[in-house]
Amino acid sequence: MILKLNKIHKQYPSADNTEAVKVLENLNLEIHQKETVAIIGQSGCGKSTLLSLIAGLDSPTTGEVILDGQSLQTMNEETLAKYRSKQIGIVFQRFHLMPHLTALENVSLPLELSRQRNSQQQAAQTLETMGLGHRKNHFPHQLSGGECQRVAIARALVIKPALLLADEPTGNLDEKTGEKLSDILFDMVESISMTLLLVTHNHSLAHRCQRKLQLRDGSLHETMD
Amino acid sequence: MRLWIKLAFKELRNNSRFSLFFILNLTLGLVGFIALDSFKISIHNHIQLSSKAFLAADLEVSSNQPLTLQQQTSLEASMGEVLQKTRQVSFLSMVASPQATRLVQIIGIEQGYPLYGKILLKDQIPATQDSLRNDLLNGPKVWVQPELLAALNTKQGEQLRVGELSPQITQQILESPGGSFWAAQIGYKLFMGLEQVEKTGLTKVGSRRKYIYLYKLPVNAPLKQIRKRLQTQIADQFGPNSSVAVKTHHDANQQTKRFLGYLNDYLGLVSLVALFLAGIGTAYLFRSYLVKKTKEIAILLSLGATKRETFQLVLLQIAFLGTASALLASALAILFLPLLSQVMQNFLPKDFQSVLSWQSILLALGMGTLGSVVFCLPVLVRIRNVKAQILFQENQMETNITGGFSKAALLSYCPILLIAWMLAVWQSHSWLVGSIFILSLLASFLILGVIGWSMLSIVGRYFSSSYLILRLSFRNLYRNRVSLLSSFLAIGIGALLINLIPQVQEGLQQEITQPESSSLPTFFFFDIQPEQVDPLQQFLEEQNHPLNNISPMIRARLSLINGGTYQDSHVHLGDTREQEETKRARNRAYNLSYRLELSADESIVEGRAFSGTFNMESDALPEISVEIRFAERLGVQLGDQLTFDVQGIPIEGKVVNLRKVQWTGFQPNFFILFQPGVLEQAPGTFLATLSQVTAQEKVSLQNKIIQKFANISIVDVSRVIQKVLDITHQISWALQVMALLAVFAGLIVVYSLSRFNAQSRQQEINLLKILGADFPDIRSMILLEFGMIGLLASAVGALLSLVISRLLSFFLFESLWNVTWSLTFATIFGISILSMATAYLGVRKTLRQNPNSLLQAV
Chain A
1 MILKLNKIHK QYPSADNTEA VKVLENLNLE IHQKETVAII GQSGCGKSTL LSLIAGLDSP
61 TTGEVILDGQ SLQTMNEETL AKYRSKQIGI VFQRFHLMPH LTALENVSLP LELSRQRNSQ
121 QQAAQTLETM GLGHRKNHFP HQLSGGECQR VAIARALVIK PALLLADEPT GNLDEKTGEK
181 LSDILFDMVE SISMTLLLVT HNHSLAHRCQ RKLQLRDGSL HETMD
Chain B
1 MRLWIKLAFK ELRNNSRFSL FFILNLTLGL VGFIALDSFK ISIHNHIQLS SKAFLAADLE
61 VSSNQPLTLQ QQTSLEASMG EVLQKTRQVS FLSMVASPQA TRLVQIIGIE QGYPLYGKIL
121 LKDQIPATQD SLRNDLLNGP KVWVQPELLA ALNTKQGEQL RVGELSPQIT QQILESPGGS
181 FWAAQIGYKL FMGLEQVEKT GLTKVGSRRK YIYLYKLPVN APLKQIRKRL QTQIADQFGP
241 NSSVAVKTHH DANQQTKRFL GYLNDYLGLV SLVALFLAGI GTAYLFRSYL VKKTKEIAIL
301 LSLGATKRET FQLVLLQIAF LGTASALLAS ALAILFLPLL SQVMQNFLPK DFQSVLSWQS
361 ILLALGMGTL GSVVFCLPVL VRIRNVKAQI LFQENQMETN ITGGFSKAAL LSYCPILLIA
421 WMLAVWQSHS WLVGSIFILS LLASFLILGV IGWSMLSIVG RYFSSSYLIL RLSFRNLYRN
481 RVSLLSSFLA IGIGALLINL IPQVQEGLQQ EITQPESSSL PTFFFFDIQP EQVDPLQQFL
541 EEQNHPLNNI SPMIRARLSL INGGTYQDSH VHLGDTREQE ETKRARNRAY NLSYRLELSA
601 DESIVEGRAF SGTFNMESDA LPEISVEIRF AERLGVQLGD QLTFDVQGIP IEGKVVNLRK
661 VQWTGFQPNF FILFQPGVLE QAPGTFLATL SQVTAQEKVS LQNKIIQKFA NISIVDVSRV
721 IQKVLDITHQ ISWALQVMAL LAVFAGLIVV YSLSRFNAQS RQQEINLLKI LGADFPDIRS
781 MILLEFGMIG LLASAVGALL SLVISRLLSF FLFESLWNVT WSLTFATIFG ISILSMATAY
841 LGVRKTLRQN PNSLLQAV
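These protein sequence lines map, in sequence, to chains A and B. Be aware that the first sequence starts at 1, since it is given in full-length UniProt numbering, and climbs by one per residue. Be aware that the second sequence starts at 1, since it is given in full-length UniProt numbering, and climbs by one per residue.
Everything labelled a hint here was simulated from the structure, so no lab data went into it. No experiment lies behind these values; they were computed from the predicted model shown. All residues carry an ideal CB built from backbone N, CA and C; glycine is no exception. Check before you lean on any hint, since a few could be wrong.
[What the hints assert, rightly or not] If you want the footprint, here are the derived chain A segments under chain B, 3+ residues with CB under 8 Å:
hint: 1; stretch: 48 to 61
hint: 2; stretch: 77 to 83
hint: 3; stretch: 101 to 110
Use the sequences and the hints to build the structure in full.
Below, the structure is given as C-alpha cells:
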C-alpha cells in the first residue's frame, strides 16, 4: 500500500465566521502501488482540496495522510518539501509552467531542486520520450496548449515519483489533443510503474483507471460505471 | 545555491522592465544621497580646515585696549606651550588719496603674521615672511585691496594719507585671513606695519580699536580647556565686563558656519527625502513584481522547494538589484558631484573642494543592498502566505500576497522605522530633529490611513449615481478599499515628500531675497554724533538727498534675564547647535536702539506694539521688542525681563513683542529695540542711510560730507549689496535645483505606483471589454478612479507636508517658513494628472490587446 487517508476531515471558516464549511468528512482511502485511481465529482465537491492534502500542500483539520508508511502530518514544512520533491509529481489543469524557463529548464527544475546530477540529460531524455525533443529550447508562450501540458507531465514524471497526482490533466485541451495526451500519460505511468491518482470530469479518462471513486458529501464512494 | 542564483537572474532578465525600473528608481535616490552626502562631508572638512586660516591662529586674545607685557605674560602662562605669537591691531578709519576719501579697515601687523593661512598678493603670489620684512614692515608702506585703488582713484606706487602718515602703496592684496566669503565687508582692507600704525596717530583718537594677540599652539593642545581657563582668568583679572575676549579657531567664522550649517541641513533633508521616495517607489515596484511572481513561487513550492528557498530566491533578487543600483549610483555620483560644486561654486569658498567620500559610497552600498531588502521586507514576509494549492484554483492567483496585516507583517515594518530614524538623526545631527521628522512621517501615515479609509468608505456608501460610470467607479473604490488604501498611503506620502522640499526651499529663498518694498541704500552713515543729526539732515536736504532711517545706536551688554544671571555661558563640546547659539548670543555686547514705529522691513510676530513713549512716572517697566530668531537663540520669551548694562548703568525692560526682520532689506535694523523715552540720555551715536545717489554724484557728495562732518564714517554699500544680491540669486537657484531633484524622484515614484495600480486592473478591464462595455466608458471609469485616488491622496499628503515643513523650519532653519499655496496646488494637480495619465496609458494598452491573450495561461 502506498497511500492511506485515515478519517480525513477538512473544514474552512465561512465568510461571516459563523459556521464552518465542511469540505471533507470522515474520508478514507487506500491506494496500492502501481494502482491507477480516478476521482470524479461535481464542481466544488472538494477534489482540489483532497489533492492538496495528498500532496502535502495543505493539512487536514483532523485525520492523517500516510504516504509510503510515513504520516505527512508528522513532517515539518521543510521535510515535507523535500519529500514532495522526490516522491510526488503533480500535473495541473492549467499547466503552470515557469514562463521564463525553456521546456528543458522547466523539466530539469525538480531534479535540480532535489539536487540530482545529470538533470539536463534526464530532462532532455524525458522530453524526448514525450515527443518534445525538438521543442526543448522553446519557452512556454512559444508552445501550444497540448505541448505545454506534455512539458508539465514530463516535469512531473522526470523525478520518477512514487505517486503522480493529476488535476484535470486534459481539462484545458480539445478532445483530440486530450486523448493523445492521456495515451502518453498512461503509457508513461505504466512504463515507470508508478501510482496514479487523477481528478477529472472526463469519464473516458476516468475509465482508463483501474479504480473509479466518486467524491460526494465529503467522502469517497466506489463507483462501477 | 547555484540553482537559485541561476533562477534569480533568469527571472530578473525575463522581467527586464521591472528590473530596469527598480534600478532606475533606487539609483536616482542613491545618486542624490551619495552626491549630497559627499558634498556635506566636503563642507564639513572645509570648515575644519579653513577655520585656522580664517583666524590666522589657533587662539586669539583681543581687547579694546592694548595689553601690557605683564598682562600678556600672565595670560600666556595659562596657554601651556606657545609655539609662535604675533600681534595685530584693527580699526576703521578714513584714508585719502589726492582724488578721494574712503572708509578703510586698517590692519596693523608684525612679523610672523599670519600664523596660519596666507596673504595672497597680486598675480596670485602668496606673501612670504621675507616679503613682509623687506616690504610692508620696512618703512611707511601699505598693502591694499585692488578695489580700494579703484575707489580712491589711485594706483600702486602712489601715496595715501593715513592719519599723520603718507605711506606708499607697494602691493595689492587679493586674499587675506579673516575674509568671509560672502559677508558684506564694511570698508576695504589696508595692511600696514604695526609700528607704522602707531605713527599715524590714529590709535590715540577715535573708537573701536581692537588689539589682537594671535597664538600658534601645539597640534594636540586642548584648545577648549585653554579657552575656558583663560576666560576664568580674564574674568578674575579684568572683571566680568571687560572687553578682553578669547576665541579659538573653532569659534571663528561663525557667519560662514551658520550659513553652511543651513545649507548642510537643507542638503541633508533633500538627500533623506530623495532616499525615502526611492524607498517607497522601490517597495511598490517590488510589490507589483511579487504579485506577478505569486504563481511562480507556488509552482516552486509544488515542485518541492521550501519556503525558505523561495524566500532566498527573492531576497537574492532584491539584494542584486539593490547592489547594482548602488554601484550605478556611485558611478553617476562621480559625474554628478562636480556638477553640484559647479552649480554652487559662486557662493562657496574659493578653495572649496568637493570630494566623493568613500564613506558615502559605502553607506550607499549598504543602503542599496540592505536598505532595499529592509524597505521590501513588509512585502517579502508575505511570501509566507503563498500556498501551492492556489495552483488548483482558478481565481486566487494574485490575491494571496496582498492579504491583511499579520503580526509578522507589522513587525516587518520595524527595521524600516529603525533605519529611517537612524538616518534622519544622522542627517540632521540632532536626536530631536531626526525624531520629529520620523514621528511626523509616522503620524502622517496614520492620518493618511484614517482619512483615506474614511474617504473611500464614504465615497462608496453614500455616493451613488444613476450614471453608470460614476456608479461603477464609486463601487470599485468602496469594494477595493483595502488594496486601494495602500496606494492611497503611498501616493499621499509621495505627495508629502514632493511638496516638503519646495516648501522648505521657498521659506529659505524668501528669506534671502530682497523685499520688493524696500529701496536699497547707496550709503550707510556711522558714528553720527547726536548733535550732528540735525545739521547733517539739513545739509543733505540742501543737496536734494534726504537722510533716511536715522537710528540711534547704544552699545550695551545683556547682564540679566528675569533677574537671574546665566550661570554657564561657555560653549561645551556636547552642546547642540541650538545650545551653542544661545550661549554665544548671551555672550555678546549688543547695539540697542529705540523707536516707536516699526520699519518697513519689520513686522510683529507675537505680542503687541509699543504703548507709546515711556512714562518715567509710571511703575511699569520700559517696553522692549526683540527680533524673533534672536529671541529664540537667547532663550527669551514674551513677558521676560531683560537687564542691560549701558556704560555701567543697569537698564531694565520687559519684552512686549517679538519682531520678524527682513534683513535683506539692507536697512538699519536692530535685534533689540526699546520704546522711546528710556535710552535718549544714554551715550550713543546715530546710523542713517542715503538712497538713490547716482554713480556720478557719489564721489562729490561723499567728499562734501567728509569736508563738513569729518568724523562721520560713510560706507558705499551699493556694491556690497549688489554682490550679496547676486550671491543670494545663485543660492536660491541652487535651492531650486535641489528641490526639483526631489520632485523628479517623487514623480517617478508616483508613476511607478500608478503603473502598478493600472496593471492590477488589467484583468477586470479585460472582462468588462469581453462583456461588451464601451471603451470610452472603461477609460472614463479608470480615469475617474485614479483621478480621485490621486487627488484625495495628494491633497491630504500636500497639506500634511505644510505641517511638517513648518516643524522642520522651526527646528532646523530658525522659522524661515512661508506657506506657498501655488506650489501645493501644483503638487496636487501634478500628481493627480500623472496618476490619471499613467492609468490611461495602461488602460489603452489593455484595450488594444486581444482579450483571449489575457485569459490564456501557461
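> Which hint numbers does the structure go against, in order from smallest to largest?
Replying inline: none
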